[in-house]
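When you get a sec, could you build the whole thing from the sequences and use the hints?
For the record, the sequence lines run as chains R and Z. Its first residue numbered 134, the first sequence is counted upward by one per residue in the numbering used here. Its first residue numbered 134, the second sequence is counted upward by one per residue in the numbering used here.
Any given hint could be a false lead.
Since copy identity is lost for identical chains, a pair holds within one copy or between any two.
Unchecked claim - Think about it this way: if two alpha-carbon atoms lie no more than 20 Å apart in a straight line, the pair counts; the simulated SDA-like pairs of lysine to any residue are: (1) K361 x L195; (2) K361 x V300; (3) K337 x E372; (4) K314 x T362.
These are calculated hints, taken from the structure and not from any lab test.
These are the residues of each chain, in order.
Number of protein chains: 2
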Amino acid sequence: MTYCVGMRLNSGLVFLSDSRSNAGVDHVSTVRKMTVFERRGDRVLVLMCSGNLAITQAVGHLLSEVSRPENLWTVNSMAKGAELVGEAVREVYRRDGPSLQQFGLEFNCSFILGGQIRGEDCRLFNIYSAGNFIEAYAENPYFQIGEFKYGKPIVDRVVSPETPLDVAAKCALISMDSTLKSNISVGMPLDLLVYERDSLMVSKYATITADNAYFNAIRAFWGQELRKTFNQIPNPDWESMPTAESWPVFEQQIRSQDQ
Amino acid sequence: MTYCVGMRLNSGLVFLSDSRSNAGVDHVSTVRKMTVFERRGDRVLVLMCSGNLAITQAVGHLLSEVSRPENLWTVNSMAKGAELVGEAVREVYRRDGPSLQQFGLEFNCSFILGGQIRGEDCRLFNIYSAGNFIEAYAENPYFQIGEFKYGKPIVDRVVSPETPLDVAAKCALISMDSTLKSNISVGMPLDLLVYERDSLMVSKYATITADNAYFNAIRAFWGQELRKTFNQIPNPDWESMPTAESWPVFEQQIRSQDQ
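Here's what the structure looks like:
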C-alpha cells in the first residue's frame, strides 16, 4: 500500500509520500510515489500515486511522454493537467483492464496532482480509478490517498488554509508517523516537497530516510508526549456516568439471566 | 459503520462500542453494538458486532435463543462460545446469503466476543464473516472491528497486557475520540464495559452520551494537548535533510526539464 498526503494552503502546497510497494507480504520493495514536473518560472506539478503499481507506472509513462501532443509539460492549466491524468488512467484501463479482470484483479489506482502553472493560482486535485477527479478548496484543503485513515485525525485537528507551509509539512510528517506505526504496508524513505505560492520552482525538497535525525526526533518526541498527555488524563470517573439502568432494553439484556 | 474495541489485559477485559448505524447517509440511526450475557458467579460474556445490521441482529437472535440446546448461557468455555457465534453467522449466511448476493450486497459482519466462564481464564475472540475466528494473546492483546484505523495508533502506543483496566478504558475512549473526529459513520452514545478478572460479574459499565462530562473533558484536553505538543515540535530542519540529489533516477525526473 501507500500513504500520500497533499495540502493546499494559502501560502502554497505541501506533498508527502511514502515508498513502500508490496504485492503480498512476500514481495515488498521500495518505489517512489512522487514525481515532479518542474520548469522554473513556468510550472511545478507534483504527482503522487497509490494503487496497483503496474497501473500507476503505466499512467506515469503516458504522462511523461514528451512526444505526446499534450502532456504535463505542455498543459496550460492545472485542471487540464488533472484531465490528462484522468485520460491516461482511462487509456491504461482500456489496455489493461480486461486482462486484470480475467485474473480477478481490481483496476485500482488514485492520484494526487498539485502545483502551479504560470498565470494560475496553486491548485490540488484528487484523481480516481475511473479517471474522474475533484479539486481541493478552502473548506477541505487536503487530500490523502492509500492508507489514509491512521493519519487523518491529526490533519483534521491541525491543518487549515491559514497553516504556514513548514507547520503543515510538520503535520504531514506526524500524520505519516501514525501511519508507519500502525501499518507495515507503508514505509520509508519519504519524499517531502514544499512549494511556495507563485515561486514557480520547487521551494524545498527532502528525501527522509530511516536515519533522518529530524524525523526520528519528531517520532520520539511525539510518541513520548502523547504518552505523557495520556497519563495526565484522569482515569474514567465511573461515579458521574449513567449506567445501563438508563437503557431499559439493554438493561433487560444485561440482567435477564441475573441471579 | 461502527467502531468497537476489546482488550484482554492481565487484570481483565475492556470493551467499548459506538452506536451509529447507517444504510447510506440518508438513513442514520442509533443501534447498540454491545450485548452482555451475565450470570453472576458463573459467566460474563460481552459480544460486540460490526457490519450489516440485519445480519448481526439475526446472529444475535440465534445466540440469545434460550430454547436452543446450546447457547451463550450454556456453553462451558469461551472458545465454544466463539464457535457458537461462528455457527450462528454460518446459519444466517445459509438463510440470507443467496438473497443478499442477488441484490449485490456483501455478507459483511464481524464480532468481538470476550469474557470469562467459571473454570476458565478471561479470553477474547474476533469472529469473521466466514464464521472462523482468532483469539487474542499477550503479543496482540486487543481486537478492533469496524472503522478501526483512525483509533489504532494510540492503542498501539499505549496498551500492553500490563496496562491497568482503567487506563485501558481511558485509552479506548481516546481511540474512540480520534475515530469520532474523522468519521461521521461512527457516533455516540458509547457503551463502555470493564470486567475484572475472576469477578464473574460486570465490574463497571457506563453509557456515555454526548453530554458526558468526563468524556467531553477528555476530548477537549486531548485535542488541546495534541495541538500544544504539535506546536512544541520545531519545524522541519531542511538543512539537515538530503535532497533529491541523492536519488539519481528521481533527480533525473525532477530536473529533466529544468532550465
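Going down the list of hints, with the structure as the test:
Neither within a single protomer nor between protomers do K361 and L195 lie at most 20 Å apart by alpha-carbon distance, with minima of 50 Å and 45 Å respectively. Taking the shortest alpha-carbon separations for K361 and V300, only the inter-copy value of 13 Å comes in at or below 20 Å, while the best intra-copy value is 22 Å. For a Cα distance limit of 20 Å, the shortest separation of K337 from E372 across copies, 10 Å, qualifies, whereas the shortest one inside one copy, 53 Å, does not. In this assembly of identical chains, the alpha carbons of K314 and T362 lie at most 20 Å apart whether taken from the same copy (18 Å) or from different copies (18 Å).
The structure does not agree with numbered hint 1 stated previously, though it agrees with all others.
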